[in-house]
Amino acid sequence: MPEKQRYTLPTKAGDQRQLGELTGAACATLVAEIAERHAGPVVLIAPDMQNALRLHDEIRQFTDQMVMNLADWETLPYDSFSPHQEIISSRLSTLYQLPSMQRGVLIVPVNTLMQRVCPHSYLHGHALVMKKGQRLSRDALRAQ
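According to the numbering used here, the sequence shown holds residues 9 to 152 in order.
Only true hints are included.
Derived CB-CB ranges, DEER-like:
1) Leu27 to Ala151: 49 to 55 Å
2) Tyr104 to Ser145: 20 to 26 Å
3) Ile53 to Ala135: 21 to 27 Å
Derived from the structure by calculation, the hints contain no laboratory data. Backbone N, C-alpha and C define an ideal beta-carbon position, used for all residues, glycine too.
When you get a sec, could you build the whole thing from the sequences and use the hints?
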């Protein structure tokens, strides 16, 4: 006997579904199930960065789909210092990969969702992608 679905997925552009009141790992289990059934990316809005990181780890336990976080800056608007380099790198990596994400889950804290990001064309035009162990020519880098 087939399992009865507890929800339906959006069927057309602009159609949306909201889920709430899920406790424990129920949210991660349900989001992983949605990611498996849905033919595109799934956006999960978390209340804060701590919950986003927890959900990231939990969802990865239930699915093989790509799961990404768009990290919060962890600075206040009036702070006179920049965010940590790891946060900047993580955000740039996520934003760079996002346009090619066919399926999977993007987890965004609500504060991060309210901030503007640079245009896709700017990021791809100014990004320097390097891989561990890759050999680079110093002169070629200077010429860029």
